[in-house]
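Enquirer: Chains A and B supply the protein sequences, listed in that same order. Residue numbers for the first sequence follow this note's numbering, so the first one is 1190 and each next one is one higher. Residue numbers for the second sequence follow this note's numbering, so the first one is -19 and each next one is one higher.
No lab work stands behind these hints, which were simulated from the structure alone. You may find that some hints are simply not true.
[Stated by the list, open to error] Okay, the calculated beta carbon distance ranges per label pair:
1) A1316/A with Q6/B: 34 to 40 Å
2) L1514/A with D2/B: 51 to 57 Å
3) E20/B with R1513/A: 22 to 28 Å
[What the hints assert, rightly or not] A few chain B positions that, by computed beta-carbon distances, are all more than 10 Å from chain A:
4) L(-3)
5) L8
6) G25
7) V34
8) E50
9) A59
10) L78
11) R113
12) T118
For glycine and all other residues, C-beta sits at the position ideal for the given N, C-alpha and C.
Listed below are the residues making up each chain.
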Amino acid sequence: MGRCVLVTGAARSTGRRLVGALAGEAEVERVVAVDDLEPEEPFPPKVEHLAVDLRSPALVRTVQSAGIDTCVHLGVAAEPRAAGGRATMKERNVLGTMQLLAAAYHAPDLRRLVLKSTTAVYGAAAADPAVWTESMPHETPRHGFGRDAIEVEDYVRSFDRRRPEVTVTVLRLANQVGPTVDNPLTRYFELPVCPTVLGFDPRLQFLHEEDTAQVLLRATLGPARRGTFNVAGDGVVLLSQAIRIAGKPPLPIPEPLVNRVAELVGRTLDFSPEQVRFLQYGRVADTSAAATQLGFTPKWTSLRAFEDFAARLRRLVTEEQVVRLEQEALGLVRRAAALVARRLA
Amino acid sequence: MNQATDDARAQDDLGPLGPVVDWAEQALEFLGRRVLGEYEVDEFGHDPDLVEHVLAPLLRPLYRHWWRVETRGLEHVPASGPALVVGNHAGALPFDALMVALALLDEHPAHRTLRMLAADLAFDLPVVAPLARKSGNTLACGEDATRLLEAGELVGVWPEGYKGLGKPYRERYQLQRFGRGGFVEVALRTGAPIVPVAVVGSEEIYPMVANLRRLARLLGFPYFPVTPTFPLLGPLGAIPLPSKWLIEFCPPIETAHLGPEATLDPMVLFDLTDQVRDTIQRTLHQNLLVRRGVFG
């Protein structure tokens, strides 16, 4: 018998991509896509769309009755406004997960649970270690997505203890970028100017959307690996560097005014306060566990992934302009020097 | 007139101005790279391009002409692989650390980059925070130090911390307590040798006569130094005194033979900490005796 996979949050871009890839695999017999949203493009024919909220009783019935052997939980939202306000977002994220796990607890055929989490669980602070490994104790972010993700992870870990025959894989993904990604961070780089915190230049990591899809597919269909894994493109990119690659002028804001500006800009970007701290202190996660235990190394480095995303942006400063300016200035220096040299001779 | 041939001809007869044009070319290339974001930093944020073209050139005049730094014992620092450089810390601002790092970058045959461990305050101050990371430093915590040593880097640590930087002038060259010896634990865990370094000269650059503790607390600083010239003369008073410096790297103290299990034995930790501290203190006293005067 083939695999039966249930995917939550299936209608959004990451989910849509995974569902499409799963439907294309021969070993997958059945895919249940759970999301109360309609996908932008219809799901492939093999896919059953269950258009319900995670808190709905219909979900419980499906999870328990259908011989579902794998559950991929992508339904933790990061954007408060899109989710219908912060309170609704929290309720959907945390209570939705509790409902899903409660249903999964009694699912007889369930053998694997994959959770898409985030490196935002590590928070962002001046006194953080330079590189986070999965086992390092970290302070709990007090707001937003990071906070939700920690609570969701806690519930999933407790599920892991109570259902030892289910392999639980938690993937902490770095900030996602790519040609079709639309999230608060990509919208930030699409602004005409990029506000930064004056005197700070955080280190950032990016994960290309193709690698996101790949790692989720591997965790779903590849060899089962219990544990928590950071997933991010190799290397780091500084915020200043990213802004230059995006071809935007930076707008440094003094620290005392940052929250004011963030409130203004944040409304259009759907930014939460923790993301402001992220743009001040940054965050880097160690990815060696994913490479050695999960056998996954992203194809795109952080830098290449960001460049691939930035290609769709309208640059204010182009490479040709810079090269031309450089050559003109050098020509000028040469001629001036030649003039002086002749006078001296 | 064709500009290309004009440039080419100009290149031939520049005479003494040749190096100036070369320098301008390099500077323009650097600016171009920075504007386009075409440079790479490591996972700690170290930016060698920026260090080579901006930060090191800014510090070099201080090193060569202001403090006339002399180095000894560079052969005790390995040409490759991990080592933990441990030094004395004084002088209100961490110039001693910067000079030791520049000594290793410029004068060590392998031009090694010293990855220094700094207090968390450094990563919370605007402007200082990114510069600290870009010049290769990271937070003083066991995780970061271990990670750097395991990657074969040369790591610098100043165990006196603020107690050393903010000590009064009358206590110059008297080493403060060496923290809890966390650096020894890291060295044992990774098997990296410890290279003690004694810096003479840094303890006179800002002769601190008083510490305004309440003002410091108000500003969130660990100390607020009062020197004969600062804050009396304002920014002018913040110019460090041109003392004559001597940096001596001492023979390495091996830790590999003790094995990582030794971290569990507090006696080993205490003994090694004392050994490092004594080596630095002894070297300081010796080098103070041979010095002709504070300003050399």
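Enquirer: If a hint holds in the structure, say so; if it does not, say that too.
Expert: Structure-based check of all given hints:
no.: 1; hint: A1316/A with Q6/B: 34 to 40 Å; verdict: holds (38 Å)
no.: 2; hint: L1514/A with D2/B: 51 to 57 Å; verdict: violated (19 Å)
no.: 3; hint: E20/B with R1513/A: 22 to 28 Å; verdict: holds (24 Å)
no.: 4; hint: L(-3); verdict: violated (4 Å)
no.: 5; hint: L8; verdict: violated (5 Å)
no.: 6; hint: G25; verdict: violated (5 Å)
no.: 7; hint: V34; verdict: holds (14 Å)
no.: 8; hint: E50; verdict: holds (33 Å)
no.: 9; hint: A59; verdict: holds (25 Å)
no.: 10; hint: L78; verdict: holds (19 Å)
no.: 11; hint: R113; verdict: violated (7 Å)
no.: 12; hint: T118; verdict: violated (5 Å)
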